Every structure is written in structure tokens, then in C-alpha cells.
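Peer 1: Whole structure, please, built from the sequences with the hints as guidance.
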Amino acid sequence: MPEPVTLRPRGGMIIATLALVITAAALVFIAVDGGLLDLARWAWPVVLLGWGAWLLYLRPFVRVSEGFVEVSNIVRTYRVPWSDIDAIDSRFALTIRTRGGRLIRAWAAPAPGARQALSTQRADVAHAPGDDDTRRPSDAEGTASGDATGLVRRELDRHRREDVVAPGDVTTVGQTVVTWHPLLIAGTVALAAAAVASLVLPHG
Numbered sequence: 009m010p011e012p013v014t015l016r017p018r019g020g021m022i023i024a025t026l027a028l029v030i031t032a033a034a035l036v037f038i039a040v041d042g043g044l045l046d047l048a049r050w051a052w053p054v055v056l057l058g059w060g061a062w063l064l065y066l067r068p069f070v071r072v073s074e075g076f077v078e079v080s081n082i083v084r085t086y087r088v089p090w091s092d093i094d095a096i097d098s099r100f101a102l103t104i105r106t107r108g109g110r111l112i113r114a115w116a117a118p119a120p121g122a123r124q125a126l127s128t129q130r131a132d133v134a135h136a137p138g139d140d141d142t143r144r145p146s147d148a149e150g151t152a153s154g155d156a157t158g159l160v161r162r163e164l165d166r167h168r169r170e171d172v173v174a175p176g177d178v179t180t181v182g183q184t185v186v187t188w189h190p191l192l193i194a195g196t197v198a199l200a201a202a203a204v205a206s207l208v209l210p211h212g
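Using my numbering, the letters of the sequence shown correspond one by one to residues 9 to 212.
The set of hints was computed from the structure by calculation and includes no laboratory data.
It is possible that part of the hints are untrue.
[Said to hold, decoys possible] Across the chosen pairs, the derived CB separations fall in these ranges:
{"hint": "1", "residue 1": "R162", "residue 2": "V204", "range": "44 to 54 Å"}
{"hint": "2", "residue 1": "A32", "residue 2": "R166", "range": "40 to 50 Å"}
{"hint": "3", "residue 1": "R166", "residue 2": "P53", "range": "30 to 40 Å"}
{"hint": "4", "residue 1": "A194", "residue 2": "R168", "range": "34 to 44 Å"}
{"hint": "5", "residue 1": "D46", "residue 2": "V13", "range": "43 to 53 Å"}
{"hint": "6", "residue 1": "R169", "residue 2": "L191", "range": "38 to 48 Å"}
{"hint": "7", "residue 1": "G195", "residue 2": "A95", "range": "30 to 40 Å"}
Only a predicted model underlies this, so the values are computations on that prediction, with no experimental measurement involved.
All C-beta atoms in this analysis are idealised placements derived from N, C-alpha and C, irrespective of residue type, glycine included.
Peer 2: Below, the structure is given as C-alpha cells:
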């Protein structure tokens, strides 16, 4: 794989974009209608809406590269070397089980909803990687879970066949690395507190 491939759900990106547009429009309206003082008072709940949309729908991703699979969820990122992957599933979302038994579900690759799953035909999953008996609607091409799971399965199969190790990449072998993002957590808590205070505290 010459270049990393990054996946985000298209539906989530649309929701986030709409939320950010609404956030920007609301801030402009507050500033024009009430001035900077009202903006300072009431902007926090509006900004929290936009921040939440970015955090839930734009920030998470699945990145597949020569050395590892990177699953970035809301406030935590997993870097999984190919050698540490034991199994891959798509039942609720792209799910990677490591050799140590850890289950990593990708927020950016959720399984389709019940309505879409019920309308999925066998032909929709016919070309998905995996055994016929284990294929699910969540493996269907065009779904967030199906596209991500298929990509990871194909690349994992290639690594196992060819015993691929990226030159100079020590992350290709070894253990999964988990990284928390404390600044995101602290920023979200602070913004939520400011939004609550803006709504409940009296304004003269």
C-alpha cells in the first residue's frame, strides 16, 4: 500500500457540516441582533453544538497504512500493528480483536441501521472479503462498516500472505499502542461547563 487510506463515514460528515453551518449562522445572528455582549453570554451553548458535531462525526477516522491500522475514536486513538490483529468483524462496527483479546470498535465505521440491514441483498455482500457463512449486511460495500472492514481484511490478508514489514517501521510488529487525548477531554468538559453556566446563571 503506497499511500495511507483514511476513511470517515459520509453521513456523519454531512451531519457535522450542517451542524457547523448552523453554529456559524447562529453566532452571526446573535452578534448582529444583540451585539458582542450577548454573543459573549450566549455563544457557549452554540459553540458546544459545533464542537460536539466535529468531535463525534469529523474527528474519528480509520486509517490503513503499510505498517498498521489506526482507529481514532472520540478521545482515544489505537495504533494496531498488522501482527497484533487476531480477527476482524463488522457486526456493530468495524471491530478489531488483538492477539491480547482487546476489542477495538471504530466510531468512524458503524454498521448500517436496522432498516438498511433488512434491505440488504445477498448480492450486496457477494464480493466482500470473508467466508459466505460469516458475511453480514454490515459487510456490504457502500456502508461505513463494510468499506472499512473490507479494506482492513484485504490488507491483513496481503500482509499475512507476503509477511510484509514496512522498511524501518518498528510499529509493524509488536503491541497495540493506545493514546488518550487529555486536551480534548479537558476542552470538552470546560466548554460544556461554560454552556451550562450560560444557560442557568442569571443575566442582568
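Peer 1: All the hints need checking, so say for each whether the structure fits it.
Peer 2: Do the hints match the structure? See the list:
1. R162 x V204: 44 to 54 Å: holds (46 Å)
2. A32 x R166: 40 to 50 Å: Since the Cβ atoms of A32 and R166 sit about 43 Å apart, the hinted range of 40 to 50 Å holds.
3. R166 x P53: 30 to 40 Å: violated (48 Å)
4. A194 x R168: 34 to 44 Å: 40 Å Cβ-Cβ, so the 34 to 44 Å window holds.
5. D46 x V13: 43 to 53 Å: holds (45 Å)
6. R169 x L191: 38 to 48 Å: holds (40 Å)
7. G195 x A95: 30 to 40 Å: holds (35 Å)
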